[in-house]
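Take the given structure of chain V and dock chain G to it, following the hints.
Chain by chain, the residues run as shown.
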Amino acid sequence: MKPRALILLANGTNRDGDAAEAFSLAGANAEIVPLNFLRTGERQFTDYEILVLPGGFSYADALGAGKPLAIDLQAYFMDKVQEFIGAGKVVLGICNGFQTLVKARLLPGQTVFASDAGGQDQATLTFNACGRFECRWVTLRPLSQACIWTRGLEELITCPIAHGEGNFQGDHSISSDQVALTYVHPDGTPANGAYPANPNGSLHDIAGICDPTGLVLGLMPHPENHIHPWQHPLWTRGIHSGSGMVILRNGVKYMEAR
Amino acid sequence: MTRQYSSSKILTVPIHRFVIHFTHPDPRSMGLLSDAHALGFEQLKMITCQDMFFIEGQLSPTECEQLALDLLIDPVTQAANWNELPGVSSDTGVDRLAVEVALRPGVTDPVAAQLVRAAHELGFTAVRRAATGTRYLLTGLNEEQAGELAPRLLANPTIQRWSLEALTPSFPQASASSGEVLTIPLRGLGDLELLAVSASRRAALDLPEMQAIQAWYQAEGREPTDVEFETIAQTWSEHCGHKTFKARIQVESTAHSSALVIDSLLKTYLKSATDAIAAPWVRSAFVDNAGILDFDDQFEVSFKVETHNHPSAIEPFGGANTGVGGVIRDVLGVSARPIANTDVLCFGPQSAAFADLPGGVLHPRRVLSGVVAGVQDYGNKMGIPTVNGAVWFDPGYTANPLVFCGTVGLAPKGFHVRSPRRGDRVIVLGGRTGRDGLRGATFSSMTMDAKTGEVSGASVQIGDPITEKGLVDVLLPARDRRLYTAITDCGAGGLSSAVGEMASMIGADVDLAHVRLKYPGLAPWEIWLSEAQERMVLAVPPENVPALQALCDSYATELTDIGEFTGSNRLVVRHEDTVVLDLANDFLHEGIPQRHLSARIGRKGVEARENSTVAAPAPLSADLRGTLLALLAHANIASRAEIIHLYDHEVQGGTVIKPLAGVQADAPSDAVVLKPAGTAGCAGIVLSNGINPEYGKQDAYQMALAVMDEAIRNAVAVGADPQRIAVLDNFCWGDPLRPETLGTLVEAARGCHDGALLFGTPFISGKDSLNNEYLGVDGQRHAIPPTLLISAIGRLPDIARAVTMDLKQAGNALYLVGDFAPVFGGSHFSLLTSQPLQDPAPALSRVTPLVYQALYAAINNALVCACHDLSEGGLAVTAAEMCIGGRLGLDIRLAEGDPVRSLFGETTGCLLVEVAPQKAALFEKQFTELPFTKLGCVQDEPVLSIATLLHSLFHIPIPDLVNAWNTPLQPAGGGA
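Line order of the protein sequences matches chains V and G. All the letters of the first sequence, read from the start, carry residue numbers 1 to 258 under the numbering used here. All the letters of the second sequence, read from the start, carry residue numbers 259 to 1234 under the numbering used here.
These aren't lab readings, by the way, just hints derived from the structure by calculation. Treat the hints with care, as some may be off.
Unchecked claim - Simulated DEER-style distance windows between Cβ atoms:
| id | chain 1 | residue 1 | chain 2 | residue 2 | range |
| --- | --- | --- | --- | --- | --- |
| 1 | V | Ser-176 | G | Ala-613 | 53 to 61 Å |
| 2 | G | Gln-1176 | V | Asn-192 | 38 to 46 Å |
| 3 | V | Ser-241 | G | Glu-998 | 57 to 65 Å |
Said to hold, decoys possible - To give an idea of the interface, some chain V residues facing chain G are shown, with a C-beta separation under 8 Å as derived from the structure:
| id | residue |
| --- | --- |
| 4 | Asn-11 |
| 5 | Gly-17 |
| 6 | Pro-68 |
| 7 | Gly-131 |
| 8 | Arg-136 |
| 9 | Ala-162 |
| 10 | Gly-170 |
| 11 | Trp-230 |
| 12 | Arg-237 |
Glycine included, every Cβ here is placed at the ideal spot set by N, Cα and C.
Chain V with its partners taken away, still in its complex shape:
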């Protein structure tokens, strides 16, 4: 049976359609589910094997990107999401979804309110170092073998970013297994912070991280926007490499195999 993917739609989510199309192509049964369906019980987290928090500007990113949706998660669904992960199911947060997972402290992987932690937070995604929203294509190197989404991927991935708050910063280091994807130059050499290969100033060129279980991945770039060869910016020059599908297929295959 095809794994079922819950594409979470909050007020202001806008890459839900993109994520649904990509997960369908990757072999999942993707369904876009308005958040209120989960609140009313019309849909249950337990009906799905894959949880996707897609890109967008949930609640206008008021008070920080991903923050209001993170508060929704904390207020209504935290136990359900933890059960979901506890059941060995997989979670993907893309762009605003990544920001949400970090602000909800599901990534790098500890769930507490900031006020409970005495003001100490582990990580954040803050304003791009260039000071503005940017949409451009980037090159990614998949690294983590602990992360089920990036495990076994060797080729570089090419896909667009479109964000204003994707600058990964943290007080504490995370384990190297948790660094799932980094920004690199098109030839694969590390960006080492150089703009625009590293488009936002992220620490250690981090584009995506996973939680300690490897089931939850968050990343700023949009692999779901490079699933067709004609989406590559250089396809008219005969270049098609670097599809983002490999990440999504990894997640779907992982759930198929379970």
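Chain G in isolation, oriented as in the chain V frame:
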């Protein structure tokens, strides 16, 4: 008519003031510092931004701390301090001044709304209301300088208050009692008194119109209410009624034109062309909120382009923001999913000196930054890719910037309904109603003066794209389930216009007391006319209301039932028990007298055209290399990459040919190609545009032909089928009551007509924005140059055939196709050299449509590697851009003739085409009996080399071309 609220009212519930500062580098500071320097505040050493939140509610110190940590700050990068008001304001630190900025009461504040919602979710139920603000700490300025900088950069007094001292929040308070309706006595007034009423209510109605209103009320035997008068003024405004385009125009006889009477420019020149072309793939032209075309068997595409010029002049962010929001709703109004946005922007020179600005005018730098940020904010947040556009600079736009916003929609066929039925409910969806944008329609129909910003402050709206996104989420499933029988958006004129339009064939009866308000105290006319954003009106059969309500609940969107469609053919509006409006449809919608205007066709363009056979000698310029680099760096030609990267052009995953092309993604695409998500097959949509006010200054007729040609040429360059292109017109002009100005409008409309017929390209929608004039404090009128934007939407049968403009392979041949007739009239070479030239604007050759057919066939047969059109700057700029795209060189040999003219003269109808040697013969065969020349070939050596038959003209390395082309749009050290 703006209302003031008391902000000093004594409050019984405490207000807590939170100030948030960055502990990490603040990304906003850098940009503000360089902006301030560019505006002449070079003494400013540092600027630091802090966010302020005012939260009303009984909160303990512990709760305040929790609120700060869990909600207001990012603990990794920010810290907060807070105090209860009134209290000591936060310390500014040594040698620093603080400027505090907050929104005026009643201005939409989406962040505050989310703050309250989130606080309640977190359990802080004592939080009652919130307001936001920003605090700027300035180092290096004295108080006087800070007071100058604040309104120029940090605050816009139209929507914001600022102070060098601590601000207190101002929550909107109920003021005037609601339900108040005034009557406006008209029946006994003389002509001058009628005009005085029109002026005092800023109605922009002329005497015959006021007399028509008076006559109707005399027959009715009563006086109008304020609700009625305002409704008529809105419905009959230039903005809603297009009085000039429908007017009867007497064209004066001159030596060059005989006398002529035109009964409606719209009918005579635009609709008639579309009717004559009778393209079977046009599904709706000039009828709906947007033009509609066939896409494939299953889907149709819609396209609309609007302007939002006046609001953007006084509040650039909000004006452009709501301009985008408005045109998106136009496409929702034809039941389509918005799939792409376009933006074409015209500004004053970025280096303008403050001293040269007319009074009350914002600096063009600030207008550009604000407008671009407004476009970015709305499109990105809605998840609609902003993919095509243009930016043009001219001193004529300093006081009157132009902001054209377009949206493309996609809908399954057969779902666009537009007939409310008797008994259907009048349903309002989306945002709540406040005093936002009162009288926007009449405001945009008036000349602005230095006081406009002040008086019309309430005309400016702030958008809330997330609420509009909720509308999309609800409307598409509601459409698919056929829950409504008609739909329209609330734009200019608000409910009066939306309900009035929907009820125009049937009648409606609504109660304004049901309309949900942002805050109490609105008078009925304010509710009825409010231009609060993000609202749609639907006609919904009563049995479908519960299903629609359920959808709204799922997507957190508000639904309000305000009345019903009646079948009485009258529009009746109540406020509780009082009837505040009762108008017959035929009077409201047909009662406006046709305007009688006169036009005078100027001689300048006509003479230049007649003398065009006498070619003016081209000036001899020794420095061809320097000229080319200067053209590449010219503000109208240089790279727009810094703006393009601010727009999400990838969302929805359908951007096949992107706005930037080439190996470094830094070269300009001619057009964009989209493969709409959800469509089967391999067809694509092509979007492009044409605009050239420089030609308009020479000759409005030739400009219209040239910009139509440019829009079509751009589309054809990427592979669009020239037989399947439709266009939209947007005329931005000065005051049409001046016969010379109307004369150029008549000429441009005639050019549209002739161009449409020549190309077989129908117009499907259009809009005009007139009175783009500004009466400065100096008493001078500042009018914009005649500006016609043509937006093209085309179709490409197979996206795999699409072509980009970057050179692909050394050894390939480069062809020039089209009737190459370069001239200097209106050219950027003339602008650059400031040499008065006798040339006319470029003419359009009758062979051009055949050239495009041949090129399309060549592209469709995969004979073309790259293709780029000749536009501003001429052939040399086109060649340079192709080199930049491919990071490959070109070796070009020009035929005989004046090389300066060949390189830099401007022409219509021409493109450069790269063709592989093995396909050259087939390619040339496509152009049998059509004008084409082989110019040279692509070379590995990264140099643009151009020579005549006898000697070399220049060799420019590609990095030099790239450097010139990447000249920033906003020079760092402005002349301010």
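Next on the checklist: Interface hint check: Pro-68(V), Cβ to nearest Cβ on chain G, cutoff 8 Å. Holds or violated?
Outcome noted: This hint holds: Pro-68(V) lies near chain G, its Cβ roughly 5 Å from the closest one there, short of 8 Å.
Checklist entry - Was the hint right that Gly-17(V) lines chain G, CB cutoff 8 Å? => result holds (6 Å)
Next on the checklist: Does the closest beta carbon of chain G sit nearer than 8 Å to the beta carbon of Gly-170(V)?
Outcome noted: Nearest chain G Cβ about 7 Å off; hint holds.
Item to check | Arg-237(V) as an interface hint toward chain G, with CB separation required under 8 Å | outcome: holds (6 Å)
Item to check | Assessment of proposed distance window 53 to 61 Å (beta carbons of Ser-176(V), Ala-613(G)) | outcome: Holds: the Cβ-Cβ distance is about 59 Å, inside 53 to 61 Å.
Checklist entry - Honestly, do Ser-241(V) and Glu-998(G) meet the 57 to 65 Å range at C-beta? => result holds (59 Å)
Next on the checklist: The hint names Arg-136(V) as touching chain G; please verify it with the least Cβ-Cβ distance against 8 Å.
Outcome noted: holds (6 Å)
Checklist entry - Per the hint of 38 to 46 Å, is the separation of the Cβ atoms of Gln-1176(G) and Asn-192(V) within bounds? => result holds (44 Å)
Next on the checklist: For the restraint on Gly-131(V), tell me whether the closest CB of chain G is nearer than 8 Å.
Outcome noted: holds (4 Å)
Checklist entry - Does the CB of Trp-230(V) sit less than 8 Å away from some CB of chain G? => result Constraint on Trp-230(V) satisfied, holds at 5 Å.
Next on the checklist: Using the nearest Cβ pair, does Asn-11(V) come within less than 8 Å of chain G?
Outcome noted: holds (5 Å)
Checklist entry - Is the shortest C-beta separation between Ala-162(V) and chain G less than 8 Å? => result Because about 4 Å separates Ala-162(V) from the closest Cβ in chain G, which is inside the 8 Å limit, the hint holds.
In terms of the numbered hints stated before, the structure departs from none.
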